Amino acid sequence: MQPSPEQSPHHAYPDHWEADVVLRDGGTARIRPITTDDAERLVSFYEQVSDESKYYRFFAPYPRLSDRDVHRFTHHDYVDRVGLAVTVGGEFIATVRYDRIDERGRPASAPADEAEVAFLVQDAHQGRGVASALLEHIAAVARERGIRRFAAEVLPANNKMIKVFRDAGYTQQRSFEDGSVHLTLDLEPTAESLAVQRGREQRAEARSVQRLLAPGSVAVIGAGRTPGGVGRTVLRNLLGAGFTGRTYAVNRAFAADQGTIDGVPAHRSVGEIDEQVDLAVVAVPADRVPEAVADCGEHGVQGLVVLSAGYAEWGAEGRERQRELVRQARSYGMRIIGPNAFGVINNSEAVRLNASLAPEPPAPGRIGLFTQSGAIGIALLSGLYRRGAGLSTFISAGNRADISGNDFLQYWYEDPDTDVALLYLESLGNPRKFTRLARRTAAVKPVVVVKGARHSGSTPPGHAVPVSRIPDATVSALMRQAGVIRVDTVTEMVDAGLLLADQPLPAGPRVAILGNSESLGLLTYDACLAEGLRPRPPRDLTTAATPQDFRDALAAALADEGCDSVVVTAIPWVGENGEAESGDGEVLATALHAAAAAGPAKPVAVVHVEIGGLAEALAAATSTVAPPRRSTQPSAAATPPRAGAATTTGPASAHTPSAPGTGGGTATATGDADTDGGPGIRTGRIPAYPAAERAVRALAEAVRYAQWRRQAAVPGKVPEFLDDTIDEPGAADLIDTLLGPDPDPRGRPLAHDEARELLSRYGITVRPTLPAPDPEAAVAAAAQLGYPVALKTTAPHLRHRADLGGVRLDLANEGALRRAYGELTDLLGKPAELQPVVQAMAPRGVDTVVRATIDPAAGAVLSFGLAGVSSELLGDTAHRLVPATDRDVAELIRSIRAAPVLFGWRGAAPVDTAALEELLLRVSRLVDDHPEVVSIALEPVVVATQELTVLGASVRLAPPPARTDLGPRRLPNY
1 MQPSPEQSPH
11 HAYPDHWEAD
21 VVLRDGGTAR
31 IRPITTDDAE
41 RLVSFYEQVS
51 DESKYYRFFA
61 PYPRLSDRDV
71 HRFTHHDYVD
81 RVGLAVTVGG
91 EFIATVRYDR
101 IDERGRPASA
111 PADEAEVAFL
121 VQDAHQGRGV
131 ASALLEHIAA
141 VARERGIRRF
151 AAEVLPANNK
161 MIKVFRDAGY
171 TQQRSFEDGS
181 VHLTLDLEPT
191 AESLAVQRGR
201 EQRAEARSVQ
211 RLLAPGSVAV
221 IGAGRTPGGV
231 GRTVLRNLLG
241 AGFTGRTYAV
251 NRAFAADQGT
261 IDGVPAHRSV
271 GEIDEQVDLA
281 VVAVPADRVP
291 EAVADCGEHG
301 VQGLVVLSAG
311 YAEWGAEGRE
321 RQRELVRQAR
331 SYGMRIIGPN
341 AFGVINNSEA
351 VRLNASLAPE
361 PPAPGRIGLF
371 TQSGAIGIAL
381 LSGLYRRGAG
391 LSTFISAGNR
401 ADISGNDFLQ
411 YWYEDPDTDV
421 ALLYLESLGN
431 PRKFTRLARR
441 TAAVKPVVVV
451 KGARHSGSTP
461 PGHAVPVSRI
471 PDATVSALMR
481 QAGVIRVDTV
491 TEMVDAGLLL
501 ADQPLPAGPR
511 VAILGNSESL
521 GLLTYDACLA
531 EGLRPRPPRD
541 LTTAATPQDF
551 RDALAAALAD
561 EGCDSVVVTA
571 IPWVGENGEA
581 ESGDGEVLAT
591 ALHAAAAAGP
601 AKPVAVVHVE
611 IGGLAEALAA
621 ATSTVAPPRR
631 STQPSAAATP
641 PRAGAATTTG
651 PASAHTPSAP
661 GTGGGTATAT
671 GDADTDGGPG
681 IRTGRIPAYP
691 AAERAVRALA
701 EAVRYAQWRR
711 QAAVPGKVPE
721 FLDDTIDEPG
731 AADLIDTLLG
741 PDPDPRGRPL
751 AHDEARELLS
761 RYGITVRPTL
771 PAPDPEAAVA
781 AAAQLGYPVA
791 LKTTAPHLRH
801 RADLGGVRLD
811 LANEGALRRA
821 YGELTDLLGK
831 PAELQPVVQA
841 MAPRGVDTVV
851 RATIDPAAGA
861 VLSFGLAGVS
871 SELLGDTAHR
881 LVPATDRDVA
891 ELIRSIRAAP
901 VLFGWRGAAP
911 VDTAALEELL
921 LRVSRLVDDH
931 PEVVSIALEP
941 VVVATQELTV
951 LGASVRLAPP
961 PARTDLGPRR
971 LPNY
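Counting from 1, one number per residue, gives the positions in the sequence shown under this note's numbering.
Take every hint as true, because none was put in to throw you off.
Okay, derived cross-link-like pairs now, DSS-like style, lysine-lysine, Cα gap no bigger than 25 Å in a straight line: (1) Lys451 <-> Lys433; (2) Lys160 <-> Lys54; (3) Lys163 <-> Lys54.
Ranges of calculated distance between the beta carbons of each label pair, as one might list FRET restraints: (4) Gly216 <-> Asp736: 54 to 60 Å; (5) Glu188 <-> Ala12: 24 to 30 Å; (6) Ala255 <-> Arg64: 48 to 54 Å; (7) Thr260 <-> Asn159: 49 to 55 Å; (8) Arg748 <-> Arg818: 35 to 41 Å; (9) Gly216 <-> Arg236: 16 to 22 Å.
Just so you know, the hints here were simulated from the structure itself, not pulled from any lab data. Bear in mind that the values here come from a model prediction, so they are computed numbers and not experimental data. Note that the Cβ used here is the ideal one computed from N, Cα and C, for glycine as well.
Let the hints inform the model, and build the full structure from the sequences given.
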């Protein structure tokens, strides 16, 4: 018996449509399907909507909903009739509904692919981007149910709703009929709609972070009655930093007449506070946190910093407690930093927020720092403090159950007070999104990352992350592709961050080395070579060099057009009595500052050994402290940009930050530097390092990043000629046929002929192979293919193992083939075990391997390497994210260590790398166009001087994994 509509599984409640979203003002809301239990909520919601909004919705005065209306708007089949609601605190603030219609506008069922859509947003929540978020989600629902177009009737005076449709980025048509505007939207996502969606996502998530970092008032919940303890420490730090807003202490144990604590008003609950509280710092035991969250949510608190421990880091019970914390906070529209957090710092002069446990608060500066570990956060703050570095913002997110590094990348992208972003990450909750955001941010300011917990199974217990099968080396390669500077240690992160924050980006890899120690100069020279830089012979100033000699030598090196950066090495001077003297570090620092300020804008780093006061004096000029803001126009001079300065030209677009760091990102050091934007502008701080290797490694990272920035300014492309040789619809039909109507979720490997047919639809030719179960079949196959031929085993344990004797090449005639067949079976086993095949010989060349795989966390990854030992044993394989451009594939084949083999190593003829790049582009297009293709391996691909030949191919198909990065905006579900 067929199930009734009510029983049909297609009509079951679609819980996967539920989503938490960040709205334009930074608050959160929940989107979910409307159910039959929502009648009272719907009536209450409608009563709070103005008469004007009701008129716009129904085109007539409609003061109240009838029982029939309530029934209609709460009863849906979730296929032809769907309603979604936006809720805050469990109550409706907006609704949207679609009804499937036919070509005449009458109610219909599938296969009709058009629906009428209507929105209603409570007046108090209009302008928050609620309708825009709802449109994204109802459009995704409609596409899932086979609806391709929305139709809407809007009154001409309803400008807000017309704007929602107009700005969505979908292909649309408009007409004026019978006194209303008739709109038709094609729901197929476009490049414009995706750009609009991501632009809104960036602004909303950045705003949600800003609300946490720049509150007008802060309540510390759990501030103790006596000095000491976590809450009281945070309160003391807030007051010590000079927070510009209002501060409150909250503890339910306070006496009714407590009055104040540490000079701030003391209350037993947030509800007792007469004024608006923007941010609450929660420092109470985990079992009391729900009470505190409810108190905050019911009284309009915008965000929480939860320092309390006892969550996912404590096991299964703690994980559930953490999920409930996030659900509870989001139900009130609040976002969370934490739990198990160390706190946040915002050094903006307008805010001066230190809501953290930091024992040594950093000075104001141009570096933003995010860490998932409180212990690492303490170490980094201490290290930066000792080296005189300043921070714009600091965040230690703990278990990062809600706010993560992705959110802060959204914020820092357009934050004018941050020039460099430093992140210590132990997990990537959304790797695809991280890569996308990092690439965009790195285009305007450096992003430096240390990835802890790099080995499988070592993810911190407090972090909920998707399973990833790709090795850490691949993660590193993908970060590099996105412009991320990935380093191995927090020390290297600080080293690189200081140089990037304080110095211009180098124009190239040429390095001048000068100093008063020949040995230290040689160590620096060797370090440069090891990092792939091009050092000039060190200039030895001798141990008798004075600070003036250093100044003159640095000025000459900076003026030399043959160098792009300078490393200064310094050891203590030797006095007249032959004893080493530490000398006056401040004098040398002044000399170096003067030379750097007066010369062209090139990066300078100092390597010193036991020179008292030098590092401090070099850091003290202006350090990374934000200098006074100046309103100047960029100079027309073609000078290298500072690391954190935007290099785009022309008017800023809606999605481009306006020159991060401009008007405060640089400062003039001591000396006669220009002050009008000319080449003398520098930050004044020269980073100092106690070892040559550390200075050179930081400089090398800056060189590589600068090169990436220059290349990213002109993005790569996919050549148009591919379109003429690709049959995308034919490939899609073939994939549907191969998977069948009820595909196995685990997928299926394709047979050799099936793989050849699919690959041929994308212009990829695989040389045919014929089975050879016995010598006679081998001879017949060779006669069909033509001599010379190769005889291979295809048994899994012998595939591509020429070293085991499983491949015999250049068999020129029948006799040679028969002998090879006999030797093969005598040596390795029976034909049934070996599964031998015969294949025509390909032109001689370099054997390579091309692969593409779909990782559930990172997405589609394209890989390349040489076949055999170099890739399998030494791991010499390069990776890029799909879709790959012409620039990506060119870099891909050149980034492996064995790349010289392709370009004429030891006098050999260069191979056809252009054909190899084209093949990589075709594979990239195939997996990008068809997510059902979950893995491809082309091995070997023999690249000769004029062509290439694909000798083997394996393809695996499976139902396409969910692409959350292409769907409507949503926060991770809890």
